[in-house]
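K.L.:
Got chain A sorted already, so can you dock chain L onto it with the hints?
Sequence order for the protein chains is A and L.
Counting in the working numbering, the first sequence runs from 1 upward without gaps.
Counting in the working numbering, the second sequence runs from 1077 upward without gaps.
One or more of the hints may lead you astray.
What follows is a list of derived Cβ distance ranges for each label pair [what the hints assert, rightly or not]: (1) L/H1259 to A/E135: 36 to 44 Å; (2) L/D1262 to A/L118: 46 to 54 Å; (3) A/S531 to L/L1421: 41 to 49 Å.
Simulated crosslink set (EDC-like; lysine to aspartate or glutamate; CA at most 20 Å straight-line) [stated by the list, open to error]: (4) A/K268 to L/D1410; (5) A/K122 to A/E136; (6) A/K112 to A/E70; (7) A/K112 to A/E79; (8) A/K339 to L/D1410; (9) A/K458 to L/E1176; (10) A/K131 to A/E274; (11) A/K327 to L/E1176; (12) A/K122 to A/E296; (13) A/K952 to A/E980; (14) A/K158 to A/E143; (15) A/K968 to A/E957; (16) A/K751 to A/E837; (17) L/K1361 to A/E529; (18) A/K868 to A/E657.
Hint data in this document are derived by calculation from the structure and do not stem from the laboratory.
Beta carbons: idealized from backbone N, C-alpha and C, even for Gly.
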Amino acid sequence: MTDEIRSVLVLGSGPIVIGQAAEFDYAGTQACRALREEGIRTILVNSNPATIMTDEDIADAVYIEPLKPEVIRRIIQRERPDGLLPTLGGQTGLNLAVEVAELGILARYGVKLLGTQLSAIKRAEDRALFKQMLEEIGEPAVESAIVHSIEEAREFTKIVPLPLVIRPAFTLGGTGGGVATTPDELDRIVASGLNASPIHQILLERSLTGWKEIEYEVMRDSVDTCITICNMENFDPMGVHTGDSIVVAPSQTLSDYEYQMLRSSALKIIRALEIEGGCNIQYALDPDSFAYSVIEVNPRVSRSSALASKATGYPIARLAAKIAIGKTLDELRNAVTQKTTAAFEPALDYAVVKIPRWPFDKFSRADRTINTQMKATGEVMAVDRSFEGALQKAVRSLESQAKDLAWVDPKWTPQQIEGLIRRPNDQRLWAIMAALRNGISVDDIHDWSKIDEWFLEKLLGLVEMEREIAGTEGELDPELLWAAKRAAFSDRQIANLQGKTEQAVRDYRVGLGMTPVYKMVDTCAGEFEASTPYFYSTYELEDEAAPIEGERALVIGSGPIRIGQGIEFDYCSVHASRALHDAGVASIMINSNPETVSTDFDASDRLYFEPLDAESVDSVIKHERPDGEGPGPPVIVQFGGQTAINLAEPLTDRGAEILGSSQDTIDLAEDRYRFEAFLRGLGIPQPNGAAVTTLADAEAVADRIGYPVLVRPSYVLGGRAMEVVYSSEQLHRYIRNATTMTDDRPVLVDKYLLGKEVEVDAICDGTDVLIPGIMEHIERAGVHSGDSFAVYPGIRLFPAEIETIVDYTTRIALEIGALGLINIQYVIHGGRLFVLEVNPRSSRTVPFLSKVTGVPMVRLATNIMLGKTLADQGYQGGLWPRQPLVAVKAPVFSMAKLRGVEVNLGPEMKSTGEVMGIDRNFDSAFYKALIGAGLSLPPRGSILISLADEDKSESLEMISSLVRQGYKLYATEGTAAMIERAGMPVQMVTKRIGRGKPDIVDIILMGVVDGVINTPGPADKEILDGLEIRRAAVERGIPCITSIDTARAMVAAMERATEVYTVQPITEYRKTGTGY
Amino acid sequence: MPPENTVSELRFRPAWDAALALADGTIFRGRGFGAPVDADGEVVFTTSMTGYQEICTDPSFAGQIVCMTYPLIGNYGVNSADAESRRPWISGLIVRELCELPSNWRSEGTLDAYLLENQIPGIYGIDTRALTRHIRTSGDIRGVLVRNLDGISDEELIARAQNATLPGDWDVVGFVGHDALQHFGDGNGPHIVVVDCGVKLNIIQSLIDRGAVVTVVPYGTPYVDIEALNPDGIVVSPGPGDPKNLDSGLDVVRATLEADVPYFGICLGHQLLARAIGADTGKLKFGHRGGNHPVKDLRTGAVSITAQNHGFYVDGSTLPVSTDWEVAIVNLNDQSVEGLRHATLPIISVQFHPEASPGPWDSGTLFDNFLDMVRARKAA
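Bound conformation, chain A alone:
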């Protein structure tokens, strides 16, 4: 046994980025709880405030600090933990642990690395060592070569021909990787891969395109007991990153021999790596022989292990944490059955399908091709007793343009459909459906895609069923309806096929007594009695989820993580669930996202893993009626982002009782006409504007209020398709591209007011309004609030402005009828406060503000919905006392993963995550936010500056600060002239790309500069030029600042705050100390 471990430092995974999402909040939270159960003093560090794991009650000491070696050193020095547990913090945690260990910090303070030894991390992550290990244990690796240059890569093609896969070492989600089929592609991808790898090393390997991709989740303890939790088969064969693949669990097309062959290999590998905890192993399996190759090993808990945990009910992270401190699997219990041991392998009696959620709806210009570089921001999972059922429920969970498998792009030609099937992309599943409907054979589709015929036959079965439904006159034969519901056709889908209303189909179905039953996910296929309250719907005989008696309420989660609706809402859902439970009200959670804490089986009193569509939620509500009558449990829609809010109306129509702000309040805030009248009635100003439904109206409104104007569709999430428009031509283009503009979905045209933007979250009980804090944005209005740096408290606000904010917020919340949370965004323009937006729901700043102020916002709001007042809970109205700290929320982007996407900030949200910098003063807090977000400039080096004309005059102080700090400056023509005029040294580079060497893009790609400040002007031409500049910076992996406000604040903070910051638990910042 090891030396006794009494305290452990757990590393979080930092901000949500593509390839590293909510699954690590789930893992870290489970781990901290598991460690504390064992009496271990648990210390947690993570820079991401929008996480459950950074709640004060999750660990004994919680640090919301940048994940950097120096910070870790200071935490270790202060806390003196016995062990460091990095395997639950994703690749970030693992890389950080390697850095900390190699700096000698662990040795110096006598801290033991838990879970996975440094040598194992290296053997799994370093391609050469990995291959060597596989050779040693006789496991097949893919033919490959480690290369460090383009020349070496070209040389390798003489031994192994193209296509080749390029995998950079030590990167998140395979950043910088890809499949090269031509010599040109090889050069390009190799260059970006070498650059993405911190050790400038890539692996080139034979492309196994067309082989099956199979994954195993394996665990091992310190006495060498090894088990597999789950295997998974990818619908998409090799060539697509597993994070971007449709995945089914367990494997469907493997015989027992193949299943056990790979399982045995997986156990051999985890033993060779001597991992103590969880591990994910990916295989390529020849569809025509027993040949296989080991593709990749993640020597840690991963996204796949979160999926496997939810798919099986086996809490991998929890067990991994216990194993890391020396517990063995056989002495641990199966938390689900409570009776059997944890040393077993889950048996499934259902199929699970995961589908990735891609951000292409927000990034219309992005390349939709998917390959070995992950692009999805999130995922959904569905469970059913058939593959078809799980697949269709997963599709319904996506909340994308395609509400179901019936969706087709009307513009698709047969050639395009074939292209979409041949080359993996986010629409491939729908393209296959379209092809099958067009009579293309399963064999042809298999030839094009290499997707296993088993899956394709299933899809063909769905197409045949569609046809049968569509071909039925009058009511469906009950047998056919039964078969359709067992395949999880939604009522809506059936209605569309039959040309009926959804309600008609529902009434007919319910009239037949055909309602879903709910079955338990119990890890053991029913063999043992289990107590997990974790259920999924299916159409079968026996129901296992008897309605909960007594007081209960349903919390609607937020579905897949996507841009604009991230982990913040899961945080809120989890807190709502807990508040209900603590108030003696059974909490029923419904959600479709396998990555999150909310879908952990102990996050609520009962979990339904279901799509968040009206039919599925309504079915659960109807099911949860002990007497089979009445409205069912009341529903909370306030915490699940726009997903849940959008369900308020259909659920109200179906007779559900909504807790908190009513559907009418929600509608009042979202309906432009009603909202205008409402604010006018209160005498509170908003920017001039109107809702329009025609181009002519839009022009008239814009002419009346004057350009620039802000245009956006009504009912948006995360500012989708929002734009600042400077001219009539731009307005024309916007309206042309706006696909839907109807009477009930108008486009809003508002005066764009440049000014300080301010955001407020408040809690209203109908009598009092508590405002925990006011946040001010660093960027002027026009940058989406989710992409802005937000500062608490509003340090540049005048007392009179604060007073007005409090007054407006209080009146709006009371008058609009808010019960619970409300979020209001303001702009201060010309000394006046204007209302930009009111959202009678939780916002993405709720976790940030809760942590900074210590006000349990979601708990207060939930209790208000249950009938309590703020006063009952010991709170009063008004602005909560200002805390003796400054906190800065910085946005984090995943642009490197998305080719072709514009980096420039605007009214449309682009960030995927956030970090918090907290300290006693603004500069230190801001500096910490920058390092946490990976946006800080290196201490010295070269900066490229290219500014819009209107920004130039406001930049001189920033530029001289850069010079004082010793940076060498490069600038484009106009900016360089301005700097020269001010008497500062600068090197001019031409903005005219391709004319004159080196041009601005060369300077960036050649690595001459270490950071870019590029603010685009309003003209289309400037935006397009800038696009190349900014993409180059992103591909090169150097910070690129596109807002002059961010740039100025950043440069100022760097000059004043470098390295002088506090590192202490979050609670200590709130204690009055030296203050600022």
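P.N.:
This is chain L only, laid out in the frame that chain A set:
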């Protein structure tokens, strides 16, 4: 607390043409597949997610109507290599969904056609999880799978279920056994005689793969005849039915022990060893059937995941109180006896299936251990 489970009888019931009736009066209705014949037997479930063909052809399932808890069965078809014996032995098969269009490079046909060809009926479309949970409560139970429902009342179905025979009621070992001696392997490796109570091919294969030469003899072969084969070691195979019906086998086991020939008992061979040394066997409420059962070797502390398929068990409390015999391996879920070992003699036995097929390969090392003992004895 878990909610009490309710069977909500849907007002809509899908069409059926087959039924599974249980002796306790429960009837599950579904659609028939495989052979259009009726079958009776003991209704049991297995939680193996893969390996339906190996299960069908495992002689230990003879006389049983097997419910697959995994709902999608038949996905990879059937092939000639995955059969564990010369034919399928199950009485009937119960699945939630039957795959008609299998996909796998080795697939030679559908499970449906395979069962039809072998005159075995199946039923699909029923709520197999409900059935499993029912069996969990009722225990493995007499039942009847009826493909020809014409004019049969529910009462009659139940009566037929109550009259179904259990594997323990008849000479099921004799039914699955081979009459003649069979030889496998060549070379001059140790000669292992396998007593065939219902042997699986992978037991023979596992021995051959490790250099042994194998002679399979029918159950009931007198020890003198076995002795005449000059065995270096004896394996008593798994098999169906109640070990208490197999008194004649005890003589062979006892003679082997007396002759000091290395002995390896697998499943039924384990139960026969226990009986031979004076212990008792009993019947489990519902059997251990699946590929995920954890066992622990008490000497090494090693935990492994095993394939299991047994309805009877060795009662640990009846084992001889002797320093000679030790419980070597226990089940981690219910602490039952999973393996016996003699303190000094080369005798081992396990309740589970080291040959897997289907199931995890973790315990294949037991064949190595056994052959090591055999070789050591031979060298001595």
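K.L.:
Under the constraints set out in the numbered hints, which ones does this structure not fulfil?
P.N.:
Violated hints: 4 and 11; rest satisfied.
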